Every structure is written in structure tokens, then in C-alpha cells.
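*Asks:* My request is simple: use the sequences and hints to build the entire structure.
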Amino acid sequence: MMADLPSARVSIARVFNKVGLDFCGPFLIKLIPGRAKKVYKCYICIFVCFVVRAIHLEIVSNLSIEAVLVKGEDNSKLLNWNLAKIVEVHPGTDDITRVVTLKTGKGVYKRHVTKIVKLPFNCN
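Counting from 1, position 51 in the sequence shown corresponds to residue 51 in the UniProt record's numbering; the numbering is continuous, with no gaps.
No lab work stands behind these hints: they were computed from the structure. Be aware that one or more of the hints could be misleading.
Once the Cα atoms are required to be at most 27 Å apart in a straight line, the calculated DSSO-like pairs of lysine-lysine come out as [claimed, not checked]: (1) Lys-37 x Lys-106; (2) Lys-103 x Lys-41; (3) Lys-18 x Lys-115; (4) Lys-85 x Lys-115; (5) Lys-103 x Lys-30; (6) Lys-37 x Lys-115; (7) Lys-103 x Lys-38; (8) Lys-85 x Lys-103; (9) Lys-41 x Lys-85; (10) Lys-18 x Lys-30; (11) Lys-115 x Lys-38; (12) Lys-85 x Lys-30; (13) Lys-38 x Lys-106; (14) Lys-103 x Lys-37; (15) Lys-85 x Lys-38; (16) Lys-18 x Lys-103; (17) Lys-115 x Lys-30; (18) Lys-110 x Lys-85; (19) Lys-106 x Lys-41; (20) Lys-37 x Lys-110; (21) Lys-18 x Lys-37.
All of these numbers come straight from a predicted model, not from anything done at the bench.
*Replies:* In C-alpha cells:
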């Protein structure tokens, strides 16, 4: 006899609203070919959508789950948002942080805090 499916898999939700997260690796990559090759260690972060069974892969430099964020864009779909890590926070004159500097695999960006989403983790 099989157990009941989790509620995240049977309730109506948007794509990547309910996700599973896993890491694999480490993988060694060479950024610049040649004699003086420097090898970097990287991991792959695997997101599995419980709603439509889609899979999204991201390259990450470490395994700290506290630092995983999603950088949102107004003109891109949720599936195309990049993983990012907060590098610096910029508090205003009233000591409220409204802008942060994010580092992604494609570069460093400044974004308003309403444009980033901290990924929820359930470590059970």
C-alpha cells in the first residue's frame, strides 16, 4: 500500500512555487585554457518543481544554503531567474536596507530588496 502524496504535489500552485533542492558535485572547472590553468571547484544546485515536474540547474561556488537567493527581473519569467549571493547591503539614511549588491554567475548587480527572493529551506 502506498502512502498519500504530499499536499505540495496535489494542490494547485504556480510553477516553481513548491520546489525540492539538492546539490551535486564537486566538479572541477577550468576558466581559462592554457599552461597556467587554475582549477575551480563548483557544485550544481538542482531545483525540482513539484507542480509540473520541471528541473532547473544552477552552478554555485559553495554549499551554503543560507546564501542562496533568486534575483528577479521584471521582464523575465520566474523560471529564468538567477541564483545570487548577497555581497553587500546598502542601508539608507534611516538605517533601513532597500538596496543590496548581488553576485551571480553572470556578474555583480545592485537590486532593490523587493526584487530578490530568499529561498525557503526545510532542513527536516
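*Asks:* Now tell me if each hint is right for this structure.
*Replies:* Evaluated hints:
Between Lys-37 and Lys-106 the alpha-carbon distance is near 21 Å, which keeps this suggested pair within the 27 Å criterion. Distance hint between Lys-103 and Lys-41 is fulfilled; the C-alpha atoms sit about 17 Å from each other, no more than 27 Å. Restraint check for Lys-18 and Lys-115: satisfied, since their Cα atoms lie roughly 19 Å apart, inside the 27 Å limit. Using a Cα cut-off of 27 Å, the hinted pair Lys-85 and Lys-115 holds, with the two alpha carbons roughly 13 Å apart.
The hinted pair formed by Lys-103 and Lys-30 meets the criterion: a straight-line CA distance of about 20 Å does not exceed 27 Å. In summary, the hint linking Lys-37 to Lys-115 is not supported, as the alpha carbons are separated by about 37 Å, beyond the 27 Å threshold. With a C-alpha separation of about 21 Å, the suggested pair Lys-103 and Lys-38 falls inside the 27 Å cut-off, and the hint holds. At roughly 5 Å between alpha-carbon atoms, Lys-85 and Lys-103 fall within 27 Å of each other, so this suggested pair holds.
For the given pair, Lys-41 sits about 17 Å from Lys-85 by alpha-carbon distance, which is consistent with the 27 Å threshold. Only pairs whose Cα atoms come within 27 Å are accepted, and Lys-18 paired with Lys-30 is rejected, the gap being roughly 34 Å. For the hint linking Lys-115 to Lys-38, the alpha-carbon distance of about 34 Å lies beyond 27 Å, and the restraint is violated. For the given pair, Lys-85 sits about 22 Å from Lys-30 by alpha-carbon distance, which is consistent with the 27 Å threshold.
For a cut-off of 27 Å, the pair hint linking Lys-38 to Lys-106 stands: about 19 Å separates their Cα positions. Taken as a hint, the Lys-103 and Lys-37 pair is honoured in the structure, with Cα atoms around 24 Å apart against an allowance of 27 Å. For the suggested pair Lys-85 and Lys-38, the alpha carbons sit about 23 Å apart, so the restraint of at most 27 Å is met. Restraint check for Lys-18 and Lys-103: the C-alpha separation of about 25 Å stays at or below 27 Å, so the hint holds.
Using a Cα cut-off of 27 Å, the hinted pair Lys-115 and Lys-30 is violated, with the two alpha carbons roughly 32 Å apart. The suggested pairing of Lys-110 with Lys-85 holds, with an alpha-carbon distance near 11 Å, which does not exceed 27 Å. Annotation: proposed proximity of Lys-106 to Lys-41 holds, straight-line Cα distance about 17 Å (limit 27 Å). This hinted pair does not check out: Lys-37 and Lys-110 have alpha carbons roughly 31 Å apart, beyond 27 Å.
Taken as a hint, the Lys-18 and Lys-37 pair is broken in the structure, with Cα atoms around 40 Å apart against an allowance of 27 Å.
In summary, the structure is inconsistent with hints 6, 10, 11, 17, 20 and 21 from the numbered list given earlier, while agreeing with the others.
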